[in-house]
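Peer 1: Sequence:
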Amino acid sequence: MHIQPADCPNEIRPRSAARDSQKPCDRQRSRLTGLLVAIVVGVVHVLFLAWAIWPNRNNLNPDGISYLRLATYYAELKSPLMISGYWGPMLSWIAAVWIKLGVPVLIAGRVSMALSAIVFAWGARSLLRAFPLPAWAQQVGFGLAALWSVFWSIEYISPDMLVCGLMCFGAARMLRGDWLADRKQNVVSGAIWGLAYLAKAVALPMAFAVGAVIAWLWHWREKRNGKQVWMGLGVTWIACLAVGLPWMAVLSVHYGKPTFSTSAAIAHAVVGPPDVERYHPYARTIHKPESGRITVWEDPSTMSYNYWSPFESGEYFKHQLKVMRQNAVTVLVLLGGFDVLHTGVIGLAGCLLLAFLHKHAAARSWLLLPCMAACPALVYLPVYVQIVDQRYFYFCYPVIWAAVCGVVTWLAATRIELRRVIAWVLGGFAFISFVAPAVLGLMVALTGLPDPASQSASDLAVRLRGKGIVGPVVGSGMVAGGRAGLYVAFLLDQPWYGDTAEPSAVEYEKSGARLVVVNRRQSVVTELDTHSAFHCLDERLFGSEEEASLCPVKVYELRH
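Take 100 as the starting number for the sequence shown in this note's numbering and just add one per residue.
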């Protein structure tokens, strides 16, 4: 990349424009070096992903159970069980292929996540290459994305890496120099966004938001023909919808009304005012799932959520504003959490300062990076975002890395020696800030992420099956890592009847389940121990009281 003088910042423009300033021999040498580095990083990445599968093979999460159950239905062609408007189908499709080939379900989930990590890492590389960054920034960014993706692949079974990787590919394609003039490129970029929608429905509004930002860049900063720009964007959006339309049609027929997803409405419902119970009913009510399902969480779309609108009343409107304000703070924390010193957020702020305060009009193109990072934040702002939901913002990772590297490179592009030294010292701190958590995450992934809920559930499932004690399960058995009760039901291939906010022996007795799973420290344990309808299974499942006490959850059998 051509480094401009300090008074004229590097422009965020199509990569092809930056290449034009290089000599052919330099361009070829740089391309070969970049390809070699990418191949080495890619091979090491695959080895790390394969290594991480085994020590984390038993780790579960509620969303992952839904995706794996849907994958099983796809593998067995069980319709309509395999259709869910709440979950995108692509991750389940990938897992279904492995299940059909005879791979155990849990391993199929891990392999699918490893493939998602590969898509994400290469998608991040593609997006970084679309920005006029130095080769070192692109290569290091690719390596960081690869490192982080190993940990993310074992943290959850979810489509977030898959959808964000595809969105990176789609955005990178739109930043290509030939995207405007070549309708084929418009269609390809739109098709990629459509595939991202099949991974997770949030990609649909993201396609419109990110597409509008990039089109604005082409039209305003690059001074391209407005009609050509917006026509290209229109073709891209149409191609996106065309790819997603068959799935939308399936959902619409399934639910009897036009539907592209049910997740947004549910995500908004659960953040409603506290005047009534708003949380997911699958975890707060005792119920029986549809025949053939393990849990209604596989498709919660038909459950009795208390939907609301901020326009119903003034109080509801104030509550919506409060939710958005809280989410804005949460999103900033999540974006800052990608590196130790929050240099990513500082880099985005630096881009804004350059855009608004620098005297050259070219500096305004720096707005692209913070605008792209803001797109997922705006999509999630009105709904349910928690401090543990960093996975929603993986798309931002290469963007904030590009912002940091771009600002550091601009600061270093000067004839003033002291300023160059300061710039690269700051860059060194930023590098360490990004590398440290990525390496730590890699080490955790390779040794195994501790998950007491999954470990307890796996151990109990083996013991229960060995004793021939199998049947429907009720109770969450909440411990660190999630709902052990749900996990036990999944591993035993038995329906899970949910739980209540305030569990009691009477409610569990009415459930019709055979097994009750609770945390040993819950107050309901005393009630269950003294109730004649329940029999504690500690004696049958464990060799001693000491061994039983090491398990954080307790199982009771309901005497019918």
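Note that these hints are calculated values from the structure, not bench results. There may be inaccurate statements among the hints.
No more than 16 Å apart at the CA atoms, straight line, and that leaves these computed lysine to aspartate or glutamate pairs for EDC-like [said to hold, decoys possible]: (1) K387 with E608; (2) K566 with E626; (3) K566 with D628; (4) K417 with D374; (5) K326 with D281; (6) K609 with E656; (7) K199 with E175; (8) K387 with E175; (9) K387 with E606; (10) K177 with D374; (11) K609 with E626; (12) K566 with E656.
A quick note: this is a predicted structure, and the numbers were derived from the prediction, not measured.
Peer 1: Which numbered hints turn out to be false for this structure?
Peer 2: Violated: hints 2, 3, 8, 10.
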